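Engineer: Below, each chain spelled out in residue letters.
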Amino acid sequence: MCGTQERGTDKRFVEEIDYGTPAVRSDKTVTLTIDGQSVTVPEGTSIMRAAREAGIAVPKLCANDMVKSFGSCRLCLVEIEGKGGTPASCTTPAMDGIAVNTRTDRLNTIRRGVMELYMSDHPEDCAACAMGNCEMANMAESVGLKQNRYGDEGANHLEPSPIGEHGVNFKELDVSNPYFAYDPSKCIVCSLCVRACEEQQGTFALTVEGRGFESRITAGMDEPFLQSECVSCGACVQACPTGALQEKSIIEMGMPDHSAVTTCAYCGVGCSFKAEMKGEEVVRMVPYKDGKANRGHSCVKGRFAYGYATHKDRILNPMIREKITDPWREVSWEEVYAHIGSEIGRIQEKYGRAAVGGITSSRCTNEETYLVQKLVRQGFGNNNVDTCARVCHSPTGYGLKTTFGTSAGTQDFDSVEHSDVVLVIGANPTDGHPVFGSRLKKRLREGAKLIVIDPRRIELVRTPHVEASYHLPLKPGTNVAVLTALAHVIVSEGLFNEAFIRERCDWDEFQDWASFVLQPENSPEAIEKMSGVSAELIRGAARLYATGGNGAIYYGLGVTEHSQGSTTVMAIANLAMATGNIGRPGVGVNPLRGQNNVQGSCDMGSFPHEMPGYRHISEDATRAIYESLWGVKLDNEPGLRIPNMLDAAVEGTFKALYVQGEDILQSDPNTHHVAAGLEAMECVIVHDLFLNETANYAHIFLPGSTFLEKDGTFTNAERRINRVRKVMEPKNGYADWEVTQDMARALGQDWNYTHPSEIMAEIAATTPSFAGVTYELLEKEGSVQWPCNEKAPTGTPVMHIDGFVRGKGKFVRTAYVATDEKVGPRFPLLLTTGRILSQYNVGAQTRRTENVVWHEEDLLEIHPFDAETRGVREGDWVKLKSRSGETSLRATITERVAPGVVYTTFHHPATQANVVTTEYSDWATNCPEYKVTAVQVAPSNGPSEWQEDYEEHARQSRRIVHVEAAE
Amino acid sequence: MSHDDKFKSGDERLVYMANQIATFFTSQPKEEQVAGVADHINKFWEPRMRTHLFQIIEQGGMGLSPMVMEASGQINRPKAA
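Chains as they are written, first to last, in this note's numbering: chain A, 1 to 967; chain B, 968 to 1048.
Please note that the accuracy of each hint is not assured.
[Stated by the list, open to error] Listed next, the in silico EDC-like pairs over lysine to aspartate or glutamate satisfying Cα-Cα at most 16 angstroms (straight line):
hint, chain 1, residue 1, chain 2, residue 2
1, B, LYS1010, A, ASP18
2, A, LYS68, A, ASP125
3, A, LYS278, A, ASP257
4, B, LYS1010, A, ASP257
[Claimed, not checked] To list a few chain A residues with every Cβ distance to chain B over 10 angstroms, as calculated:
hint, residue
5, VAL114
6, LEU173
7, GLY639
8, THR653
9, ARG813
10, VAL817
11, TRP877
12, TRP923
13, THR925
14, GLY942
FYI, nobody ran anything at the bench for these hints, they're computed from the structure.
All values derive from a computational prediction rather than experimental measurement.
Here a beta-carbon is modelled for each residue, glycine too, at the ideal position from N, C-alpha and C.
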């Protein structure tokens, strides 16, 4: 499909073939002759694509293989023997037995004529042409155009000369978007950008305005791009054949000279990108068509928001300080490791082996995460290791392990192309997982039905050419009640799949569960009262999910981050099993993971009770594998989870913590509690790109490296293990795995990894579900989905096909228990939290990019009714108060939230939204209840006292004393 | 700045967590209830947490749900640290 090509240096440039029109799926094939060559393709394939598959590139401007053909540029004309005319090869399907000619004198003449007309209205000084980033120049050359008989005398779209007599149709350059420019003078109105926006992204922000010669591409209602609905995914820029839409980085830096395929380090979709480089600098990130998660699409974060990698705030030298009120002191790597060795030793001597622990990062690679948990288990000698999944998807781990037998989504993303009914609960894919959101919208536009269960009217509920059949706007905290009511309808109306259940699950368990869901308190009518969702909507949604064909459930943190998070996951699994929606493409239970490597960090044994591959620490056989390899005795008791570590710290028995690539102070709930825990520790080691909020409480800082600076793998939400490839030297000197290795050595461990592939070899050798994973295999296959072993040598796209991992699927009773976080007279509103498209998690990365133009600050969404009764106007500062704390931010008034519900994001440390969230957590996993906090909102004058104090504390604690020549 | 009475800490929090687990298992089939609570705590609670739990139980189990009390016989007693 693709290849790499030498470009004069030792660096390679990844080239992808553009087949001109999308691939077609068909059982039937047709055979035709093109320029004398016999070609066999699936029925429905265009002549253009058939030709390209045979190695013949038909000239074209308005077609690519990402969008449907349109037939406007008239360059790709061909002749078919025995037929009149010169049809466009992009819109003409290949047919059995026809003979096509793509290069004849007649065709050449027509193409030259067409190209001459195009070029007569193309700027002579087109910089993109000169750089080789403009197909116009290539096509002119390809068709042998040598002259322009028309001159630039007549009407055109070019920039007027200083005298000003030409270019009546000239439109100014639009540079409003921070990442790309639109130069209408170069545009040939081929509409590729419009189609990319519609078909790939599904935003419909672009249009062709006007007719004939006046027709122009415009964003929104003829607005600058930034003001339009454009979400800056970059699809139009990729599609543009002329350089009219172009990355600003290309304009500034010129064309890249080498590239490598790597994996985005933002959300859990795990898009593949080509990192296109010039020397040590990234020129642009271009989505990779062979990337199986994204299939050539991207969002604003992965495509454009990589500038944080070279941001001036990055810390490049190790630093230490005695007290957290001291300024930082830069030290050498030798000194920092020696210091860590002595501090950990001192603390374990004084407070015991269990007084220290570590937190692995869901942003780092599998290999790095594996090493951190190994450091804790082997080097620290305990199981006090946890990861940020604690605060996001730990209930997925518990719930899916209990019901299905393993903690993972059941499908690949391609599966959505086969879904007939999609149920989205507690997720906002168009913002949180945008590329999957686009793939989902595409399927919905093709006719699949949609059910949304969410307190907010998220974009999917109604967006161009997509409308949910059912939106169940439930009260935050009532997921279990509503899901059990859906089950009630499915069972009471006999809509369950008895054959599936008898074959794949335990029939007695099902009957027990069925009798539970049939209890009157689980009926839609009963649940209506507590959830606020009408019984009729619940019944309709249940019928649609159970009877609409392939039913797939996608869920996010709106499911897990509740005191009944694990119960909700099991309720979802129950629904899928009861309706037989497991074990084939188009169905399944699909957790949408927050961070790039949440799946991987969980897989790698980051939880305090589990070794890699979800094997409980109490299993002797599992421990034996690692004990013999690592030469230590492993503790068979579970370790502390993050909130337990903080509790133990406050209590005085937990004294040191190594945090890699997480910002628990900002991301974890109840900031006061986190701060108290961290303050009580004697040695907090933060390993990060930036002096994050947690670092305000740290004694040792280890500079981290970005995904561009190291080799490794990330595992996305579909269990897909994708390669991360190093394209530049770490600015801090060392990849994160090297730093952890040196720490382990300082603690006396004999680690000698020279490349992450050796770490993966150890993972594969010790973890059955990874047994077949090697870097060679990833090189060959591009990516694989675990389980990857003898039984599945190239991985497993769909799980539980013939049976569940645990044997029989387990139905679990899911009784609704209202959270103790209740509204009342003091706190009458429910706060729920989430994120938006342009920012990511705590914002440490995205706030350090131009993405801030879309989201400068966190806003509080409040319904007009609630705003009115409180005298809050659009843009006012408001105080947001819960029983945990208070903060201030600006309000925005919207009907996206229901009356009684308010919503905000947690991307900005100044807001400190987690000051107000509570310590309530999931009963099974301690995953915090971010999604439900009882609050009051009142007008205020500005930031709260805590915010001002914190700001000052942060400023103080970020002071650095620089030393000369720190190594 | 911390430890105001606004949030639970220490023993109170532990009792709350144990009761939350018991609440879930209350709805499960009879034979899975007590065993389920004990198994969950054994699997996920670090020895320090279980030590505290036993201290609370030995002091009469103030605030603990009856099911947690009943499960305590099946909860692994941590080795003395």
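Engineer: If a hint holds in the structure, say so; if it does not, say that too.
Structural biologist: Now for the hints, and whether the structure bears them out:
Pair hint LYS1010 of chain B plus ASP18 of chain A does not hold up; C-alpha atoms about 53 angstroms apart against a cutoff of 16 angstroms. Of the supplied pair hints, the one linking LYS68 of chain A and ASP125 of chain A is violated, its CA atoms being roughly 31 angstroms apart against a limit of 16 angstroms. Restraint check for LYS278 of chain A and ASP257 of chain A: the C-alpha separation of about 5 angstroms stays at or below 16 angstroms, so the hint holds. Taken as a hint, the LYS1010 of chain B and ASP257 of chain A pair is broken in the structure, with Cα atoms around 54 angstroms apart against an allowance of 16 angstroms.
Distance check for VAL114 of chain A against chain B: the nearest CB is about 69 angstroms away, which clears 10 angstroms, and the non-interface claim stands. The non-interface label for LEU173 of chain A is consistent with chain B: the shortest C-beta to C-beta separation is roughly 52 angstroms, beyond 10 angstroms. Annotated as non-interface, GLY639 of chain A brings its C-beta within 10 angstroms of a C-beta of chain B; the closest such distance is 6 angstroms. For THR653 of chain A, the requirement that its beta carbon stay farther than 10 angstroms from each beta carbon of chain B is not met, with the minimum near 6 angstroms.
Listed as outside the interface, ARG813 of chain A is inconsistent with that label: its C-beta sits roughly 5 angstroms from the nearest C-beta of chain B, within the 10 angstroms cut-off. With 10 angstroms as the threshold on Cβ separation, the claim that VAL817 of chain A sits away from chain B is violated: the shortest Cβ distance comes to roughly 6 angstroms. At roughly 22 angstroms from the closest C-beta of chain B, the C-beta of TRP877 of chain A stays outside 10 angstroms, upholding its exclusion from the interface. The beta carbon of TRP923 of chain A sits about 4 angstroms from the closest Cβ of chain B, which is not more than 10 angstroms, so the claim that it is off the interface is violated.
Not every beta carbon of chain B lies more than 10 angstroms from that of THR925 of chain A, the smallest distance being close to 8 angstroms; the non-interface claim is violated. At the 10 angstroms boundary, the C-beta of GLY942 of chain A stays outside the reach of chain B, the nearest C-beta of that chain being 20 angstroms off.
Figure legend: structure checked against the earlier numbered hints; hints not met, in rising order: 1, 2, 4, 7, 8, 9, 10, 12 and 13.
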